[in-house]
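Q: Sequence:
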Amino acid sequence: MQLASSSTGAHLHLGYLIDQNGNMRGAFLGNGFDLKSQAYGAVRGGLGLYFSTHPVTLQPLDARPASNQLANAARVMDALSEASTAHQADSLTHGHDALKSFADGTEHSITGMSPDGAAGGGLTAGGGTGQANAFSQPIMLLASPAGIGLSTQQSTHIASDAHTNFVSGQNTHIAAGRSLIASVAEKISLFVQNAGMKLFAGKGKIQLQAHADDVEVSAHKAVRLASVTDSIQVVAKKEILLTAGGAYIRIADGKIEVHAPGMLDFKGSDHAFGGPAQMNADHPAFPKNMPTTPLALSTAASPASTSSLPAGMPYTLLADGAVVKQGVLDASGQLLIDHFPATQQYRLQLANGVTHDIPVPAEYHSAANGELANQGFHFHESNETGAADRATHRQAYHDVLNPDTNA
Numbered sequence: 001m002q003l004a005s006s007s008t009g010a011h012l013h014l015g016y017l018i019d020q021n022g023n024m025r026g027a028f029l030g031n032g033f034d035l036k037s038q039a040y041g042a043v044r045g046g047l048g049l050y051f052s053t054h055p056v057t058l059q060p061l062d063a064r065p066a067s068n069q070l071a072n073a074a075r076v077m078d079a080l081s082e083a084s085t086a087h088q089a090d091s092l093t094h095g096h097d098a099l100k101s102f103a104d105g106t107e108h109s110i111t112g113m114s115p116d117g118a119a120g121g122g123l124t125a126g127g128g129t130g131q132a133n134a135f136s137q138p139i140m141l142l143a144s145p146a147g148i149g150l151s152t153q154q155s156t157h158i159a160s161d162a163h164t165n166f167v168s169g170q171n172t173h174i175a176a177g178r179s180l181i182a183s184v185a186e187k188i189s190l191f192v193q194n195a196g197m198k199l200f201a202g203k204g205k206i207q208l209q210a211h212a213d214d215v216e217v218s219a220h221k222a223v224r225l226a227s228v229t230d231s232i233q234v235v236a237k238k239e240i241l242l243t244a245g246g247a248y249i250r251i252a253d254g255k256i257e258v259h260a261p262g263m264l265d266f267k268g269s270d271h272a273f274g275g276p277a278q279m280n281a282d283h284p285a286f287p288k289n290m291p292t293t294p295l296a297l298s299t300a301a302s303p304a305s306t307s308s309l310p311a312g313m314p315y316t317l318l319a320d321g322a323v324v325k326q327g328v329l330d331a332s333g334q335l336l337i338d339h340f341p342a343t344q345q346y347r348l349q350l351a352n353g354v355t356h357d358i359p360v361p362a363e364y365h366s367a368a369n370g371e372l373a374n375q376g377f378h379f380h381e382s383n384e385t386g387a388a389d390r391a392t393h394r395q396a397y398h399d400v401l402n403p404d405t406n407a
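Using our numbering, you'd call the opening residue of the sequence shown number 1 and step up by one each time.
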C-alpha cells in the first residue's frame with residue numbers, strides 16, 4: 001500500500017516495499033513501512049511518544065521491556081549512591097529520583113469508554129472497553145533490545161533543565177579526538193568502589209589548583225610522592241609542618257624548629273653552619289573574580305501566556321539591593337543574567353510600576369515543585385486572602401493548564 005503526493009515527494013509506503021514509478025514495478029526495497037518527504041516532517045503526541053524496536057505487542061504503549069530496564073538502572077544508581085555516601089562522596093539521589101519518576105511515568109493504566117460514555121470494565125459486545133497502558137506524563141521513550149546509535153557529521157546537543165543520567169550495566173566509554181572539557185558550576189564528585197582510580201598524562205603537565213580553599217590528599221595506607229628525573233618542591237607562604245610519632249619539623253617566619261620526644265640523630269661527612277640566607281619562592285596567581293552562572297528570568301505569567309509578554313518595557317534589575325542591569329525587554333520575554341552563586345534575591349522593577357521579587361533557592365525541598373518553577377509557573381500572592389503554599393499553588397496552576405484527559 002502506498003500513499004503519495006507529488007508535492008515535496010511525500011509518501012507513506014506500507015507492507016512489501018517495491019520501487020514504484022508510475023505503472024512500472026521496480027526492485028524490492030524491503031518490508032515494513034517507509035515514511036518520508038523532501039520537505040519537513042513532524043511527529044507529535046501531546047500525551048507521550050514511544051519509539052521501539054522491541055517485538056510488537058497488542059497494546060501500542062506496552063513499554064514493559066523499557067520500563068523494566070529503566071527500573072534496573074535506577075536500582076544500579078541507588079546501590080552505587082549508597083556506596084558513594086558510605087565513603088563520604090556525594091550521593092546520586094537527585095538523578096535516581098528523576099530516573100525513577102520517568103520510569104514510573106511509563107506505566108499508567110487508562111480505561112476505555114463504552115458507547116454510552118461510561119467507563120468500561122472489560123470487553124463487551126460493543127468492544128472498545130477495558131484497560132490499556134499509557135504514559136502519565138507527556139514523555140518520549142526510545143527503546144531497543146539491540147542498541148541505539150546517534151551519528152552526525154556535525155555536532156550532537158543534549159540539553160536538560162534538570163538532570164542528565166548516564167547508567168550502564170557494564171562500562172561507559174568516552175573518547176575524544178582532541179579535548180575533553182567539562183565546566184561545572186558547583187562541584188565534581190568522583191567515586192570508585194572496587195578497582196581504584198587512575199589519572200595519566202602522556203605529555204604535558206598535570207595541574208591541580210583550589211582557588212578559594214584547601215587541597216586535601218589522604219590515604220588509608222602509604223602516600224608516595226616521587227620525581228623520576230627532576231626535583232620535588234614544597235612551597236608555602238606561611239608554614240610547612242612535618243610530623244610523625246610526636247616529633248615534628250616546623251618551617252615558619254624564617255625559622256626552622258626541629259623537636260622530638262626522643263633522640264635526634266645527625267650523620268654526615270661534614271656539617272656546615274653558616275650565616276643567615278633566604279630564597280623567595282613564586283606562588284601561582286589565582287583569579288580574583290569568581291565565575292558566574294548564566295540564568296534566564298522569564299517575565300511570562302505562565303508557560304501558556306507567551307502571547308502577552310511585556311516586550312519593549314524598560315526595566316531595572318537589582319541583585320541583593322544593588323543595580324546590576326538596565327535595559328528594555330525584548331520579544332522573548334526572557335532576561336539573561338550572569339548569576340553570582342552568593343546572590344540570594346533579585347528584584348525586577350518595570351517602568352509601569354510593577355515589581356517582582358525573585359528569591360534564589362539553593363534547592364527545592366520538593367523536586368516536583370522545583371521542576372514546575374523552572375517551567376515558568378510563578379507564585380502569585382493575593383492581597384485579599386492568605387497566601388497559599390507555593391508548591392500547592394504551582395501544582396494547581398499546572399493542573400489548570402494541563403487537565404487530566406482521562407479524568
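No lab work stands behind these hints: they were computed from the structure.
The reader is advised that the hints may include incorrect statements.
Stated by the list, open to error - Subject to a maximum C-alpha distance of 27 Å in a straight line, what follows is the list of computed BS3-like cross-link-like pairs (lysine-lysine):
(1) K255 / K267
(2) K205 / K255
(3) K187 / K205
(4) K100 / K187
(5) K221 / K255
(6) K255 / K237
(7) K238 / K198
(8) K255 / K238
None of the values given here were measured: they were computed from a predicted structure.
Q: Next, verify each hint and record whether it holds.
A: Results for each hint:
As the CA atoms of K255 and K267 are separated by approximately 22 Å, the hinted pair is consistent with the 27 Å bound. Distance hint between K205 and K255 is unfulfilled; the C-alpha atoms sit about 32 Å from each other, more than 27 Å. This hinted pair checks out: K187 and K205 have alpha carbons roughly 23 Å apart, not beyond 27 Å. Annotation: proposed proximity of K100 to K187 holds, straight-line Cα distance about 24 Å (limit 27 Å).
Distance hint between K221 and K255 is unfulfilled; the C-alpha atoms sit about 31 Å from each other, more than 27 Å. Our distance criterion of 27 Å between C-alpha atoms is met by K255 and K237, whose separation comes to about 13 Å. Between the alpha carbons of K238 and K198 the distance comes to roughly 32 Å, so the proposed pair goes past 27 Å and is violated. Between the alpha carbons of K255 and K238 the distance comes to roughly 11 Å, so the proposed pair stays at or under 27 Å and holds.
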